[in-house]
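Taken in order, these protein sequences are the chains called A, B and C. When you read off a place in the first sequence, starting at 1, and then add 1, the result is the number in my numbering. When you read off a place in the second sequence, starting at 1, and then add 1, the result is the number in my numbering. When you read off a place in the third sequence, starting at 1, and then add 1, the result is the number in my numbering.
Treat each hint with caution, since some may be false.
Identical chains share a label here; the pair holds if one copy fits it or two copies do between them.
Within a straight-line C-alpha distance of at most 27 Å, the following computed DSSO-like cross-link-like pairs (lysine-lysine) qualify [claimed, not checked]:
(1) LYS50 x LYS63
(2) LYS97 x LYS58
(3) LYS6 x LYS98
(4) LYS6 x LYS80
(5) LYS51 x LYS116
(6) LYS98 x LYS58
Bear in mind the hints are in silico, worked out from the structure with no lab data behind them. In this text, all values refer to a predicted model and were calculated from it rather than measured experimentally.
Below, each chain spelled out in residue letters.
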Amino acid sequence: MGDKKTTLVVFSGDLDKALAGFIIATGSAAMGNQVAMFFTFWGLNILRKKQAVPVKKSWMDKMFGWMLPRGPQKLGLSKLHFGGLGPIMMRATMKKKNVATLDELIQLAQELDVKLIACTMSMEVLGIQKEELIDGLEYAGVATYISEANAGNINLFV
Amino acid sequence: MGDKKTTLVVFSGDLDKALAGFIIATGSAAMGNQVAMFFTFWGLNILRKKQAVPVKKSWMDKMFGWMLPRGPQKLGLSKLHFGGLGPIMMRATMKKKNVATLDELIQLAQELDVKLIACTMSMEVLGIQKEELIDGLEYAGVATYISEANAGNINLFV
Amino acid sequence: MGDKKTTLVVFSGDLDKALAGFIIATGSAAMGNQVAMFFTFWGLNILRKKQAVPVKKSWMDKMFGWMLPRGPQKLGLSKLHFGGLGPIMMRATMKKKNVATLDELIQLAQELDVKLIACTMSMEVLGIQKEELIDGLEYAGVATYISEANAGNINLFV
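Here chain A stands alone, though its shape is the one from the complex (with noise of 0.2 Å):
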């Protein structure tokens, strides 16, 4: 690896502003740098299994783990939601012009060595526990992170 740097907050938990987190992150690791990605608040989303996974929640909790989406197949778009046509058209359109989809970017960077960094107190406050998302994550809060924008070249905050 290089010793350019790149670290992404990824806080949104939208579709398209994660496929475009996911390319600058797998487009920066491909260039050599180092990057990790550190996953706040809605961007949480994002890492969520697919399938419920049993673990006892507060009423307040289990609410929240209703209300938002499991997984990158579940995002909506920030724009042209359109009702729920805007996410549809845009994953066929993606998928017909060869677009690597959300799960296969994520796959990308975890072979590429991004280090997906789930932030703890964001779990907290949602009530996700670590049962709930994909494998291979790190767990850390907002010390981690400044270490590591501190030393990076490019930082960013999707």
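Could you slot chains B and C onto chain A? The hints should help.
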């Protein structure tokens, strides 16, 4: 203070993004970074006093004043609004889980010498006057931002 | 030109975010920074010509073409939409207060040698062709962005 610098452009006036911005800002400051936050457009709403302040305004400026939320406790969420339920749930769960409120984070930022800078051009556009904003702010334009950010290790747009 | 660099990923196609992006870009350039703006996803809408341009498109690409706004004067706001009232008020108040319009800022950016780069992958996904975008653009992919941003002092995602 250390010699690392963090700058944030706080463009958004959403509660969740404001929280993320202030967590990064106070986290940076706690780790020794010099931190400056530039509040532009809707981000100015975060700095508004809770009470209406009697100032002279044009009809258009008054209208913006009515339409825009006044201070941290009136901000909505960027997602999961659910007719106002989302913000209530978010505030409730953060309180229950002892996460700092936005009001507390703003105070913490000021105690940690985070510079809070209101963008004067945005104030002009939205018709917001100094009297309507909280105490302890600095006022500046884009040139000040560029100077600070050119020397920044972490520069984010929130 | 100086040796400081600014890059912006303009992901959003909202009027307010576009304004913020161009104010930072032109401000940077005016202070001697080299500036490159990468327009991806909805950000491409900012660069569309006002008039429909007769190009051959698939059914899906045509549909995206109809759904997406064509150029600066058709963009909405990220907040305060109020059924179209927000953007009208914003444009009116900016005009009254002599703030540059987005059209003027784009022209200013070009005069200041800000590189305006359209993301070719996003063009492919949204079915947008070169003929439909304004003159004076460069065309590139994520690799170009990473190279530029690795050398950037200020890198933002808008």
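Now the hints, each set against the structure:
In the homo-oligomer, the alpha carbons of LYS50 and LYS63 lie at most 27 Å apart inside one protomer (15 Å), although the nearest pairing across protomers, at 35 Å, exceeds that limit. Taking the shortest Cα distances, LYS97 and LYS58 sit within 27 Å of each other only across copies (14 Å), while inside one copy they are farther apart (40 Å). In this homomeric assembly, LYS6 and LYS98 never come within 27 Å of each other (Cα to Cα): the closest approach is 30 Å inside a single copy and 34 Å across copies. Proximity of LYS6 to LYS80 under the C-alpha cut-off of 27 Å is found in neither arrangement, the shortest distances being 30 Å within a copy and 30 Å between copies.
Taking the closest pair of Cα atoms, LYS51 and LYS116 come within 27 Å of each other only inside a single copy of the chain (21 Å); across copies the shortest separation is 41 Å, beyond that limit. For the identical chains of this complex, LYS98 and LYS58 are inter-copy neighbours only, at 13 Å across copies versus 41 Å inside a copy, given an alpha-carbon limit of 27 Å.
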